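J.: For the record, the sequence lines run as chains A and B. Using my numbering, the letters of the first sequence map in sequence onto residues 1 to 312. Using my numbering, the letters of the second sequence map in sequence onto residues 1001 to 1326.
Calculated directly from the structure, the hints in this document are not laboratory data. Here the structure is a predicted model, which is why all the values come from computation and not from measurement. We put the beta carbon where it would ideally sit given N, CA and C, even for glycine. It cannot be assumed that every hint is accurate.
Cβ pair distances, simulated, as ranges [stated by the list, open to error]: (1) B:L1058 x A:F116: 27 to 35 Å; (2) B:K1109 x A:P61: 53 to 61 Å; (3) B:L1080 x A:N296: 47 to 55 Å; (4) B:G1257 x A:Y199: 44 to 52 Å.
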Amino acid sequence: MILKLAKQPQLIIGLTFISSILVFSFFWTDILQVEKTEALKLMDFMYDDEGKIIDHIPYSPSEVPPFGTDLYGKQLFYQIIDGAKYTILIAFVIAFLRIVVSVGITLINPRANYAFLDDLISATLTIPTTIIAYIFMNTLLIKSSMDGKSTNELIFLQCLVLIGIGIPPLISTFTREIRGILDKDYINNTFAIGARKSYVYYKHVLPELSTRLILIFAQQMIQVLILLAHLGVLAIFIGGAQTLVLGDPMNTVLQDIPIAGEWAGIIGMSFTKLQAAPWIILIPLSCFAVTILALNLIIQGIQNSVEETQKL
Amino acid sequence: MNQHVLQIKNLHVSFNKKKNKSIAVNDVSLQVEKGQTVALIGESGSGKSMTSLSVLNLLPVNGKAERGSITFNGIDLLKLTEKQMRKIRGNEISMIFQDAIASLNPGMKVGVQITEGLKNHNIITKNERKSVALDLLDKVGFKNPEQVYHQYPEQLSGGMKQRILIAMAVSCKPKLIIADEPTTSLDVTIQRQVLDLIDYYKSDMDASVLLITHDFGIVAEYADWVYVMLGGHIVESADVYTIFQNPVHPYTKALIGSIPRPEMEQERLKSIQDYTFEKDYEGRQFAPETYTYESSSFQAPSSLVEIEPLYYVRFYDEKRMVTTIG
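With the hints as extra help, turn the sequences into a complete structure.
T.: Put into structure tokens, the structure is as follows:
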């Protein structure tokens, strides 16, 4: 199977992109020979050779290539590179845990009747997941600021919410898939020779489900990335935000700055300035889009491989 | 006294489909003695496979053995826990399924599958697996066991796959082999090889065989005792010679009559429906009175009557029949 997958160009392109961006994100300071604090420092004004102010923040991509700066003068390029690992890994962990928990719950009793789950899913289908996630995450943010929870605790609880809202539809999907496998004759034959359930699951069900699991995992990563982007627009950041007081003492402006450097945070804190500095929103959104494209290529590669196997 | 390896008494198996309940096996009693091959014969849907799956407690999820007992070497299998039943499956009683193509995992090498039973019953260690598998492959007639060990099921023919299933079934040296239509999906030229193999192991291991089939030709050649099933009931049972020489129940007669006979000139092969259903035998009315399963005649009270020593035929209960007719 792995050999067949390795022959899919889409899959190779997608995987190469994701892994390259991750490697670059972890080692960008070494690769680009820059200091992280220096690269991500706030810039206020732009001076000419004589020290005169010639421009002020935010700077467009033509002024500070390649991506310009955000509202506070931080270079977007470095933010994007540094934030890639958080964004992709958060999506990876959430998608992975959604799959693990859903498969685990399904395997406890694959014959259980989860009809109520289907009803629940169809009933909530018209409500966008972002709204459901927003309600939970916003409540969590308020509660945690009152309780004084640490950033790590908050990230943990936010991840639990993001994992939890994806589980019911996955249980429904896996119940159908696993039942389909358990109904196969060779499973009955394996039980007839005295095999334990755990053996059947480990040796027969999970290997048969593996391709589907990878496929659903990639789909879940896309869902999580989209959800993170949406939540960013609604100013819900993973890890919460620090509130900065900007402006003069007579006319203060409160601004939320995300603590974790993931892409959705960049979108969220600058969304109100979409007209004035569109690149601050469009560049991280494009990064989401390109990452999702890479994941879609991976999905396409897996599907092609499965279809080729079925044709044989 | 004969030694019963398997004794099924008054077994009732039903299926729940939403609010409906359908009876698949109705008051079935049969026994298999040591060293015997017992055939359970009937059309598709007569309840043969459900009877055999009840023995291993492997009924589909919505199926349930509601009443009766299944005793294997003195142990009531219906009273065992899942853990106790697992020790019996494969080790004491094994099953050969009819569809060899679907009964092997296409993604797992033959060598691994063949020793799954031994591994699950902790009979062999991981290091012994290969030598035991090669030995089993050799016993079921593979000339190149080493090559087959590393092959996937899709690389084997139907007959080879069925031999793999037999090797799996006999790997733990069970006392009873349930062969559920083991030749149905096979070419006629291969059928004999497979049945001979099962027969050889039965003799070699002094085991017993419960042979599920719809083919009276196979019954004639391999079975010692025959149970004929129709609509979840046993309608006739006797030793194989008696049934072939003098079948009594009209359904048994129709089944035997449906065997193709090349020596007889006939325009087309006869099916069961071509035979008229005789009504009675020595004043007793046969049960059921029709071949059509969707008939109330299957529900009317009936029982097996010993018409000759150890020769049983199903008739309607006389007293109740008076009521029914009236």
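J.: For each hint, tell me whether it holds in the structure or not.
T.: For each hint, the structure was consulted:
In this structure the supplied range 27 to 35 Å holds for L1058 of chain B paired with F116 of chain A, their Cβ-Cβ distance being about 28 Å. About 57 Å separates the C-beta atoms of K1109 of chain B and P61 of chain A, a value consistent with the hinted range of 53 to 61 Å. Checked against the hint of 47 to 55 Å, the C-beta distance between L1080 of chain B and N296 of chain A comes to roughly 51 Å, which is consistent with it. With their beta carbons about 47 Å apart, G1257 of chain B and Y199 of chain A fall inside the hinted range of 44 to 52 Å.
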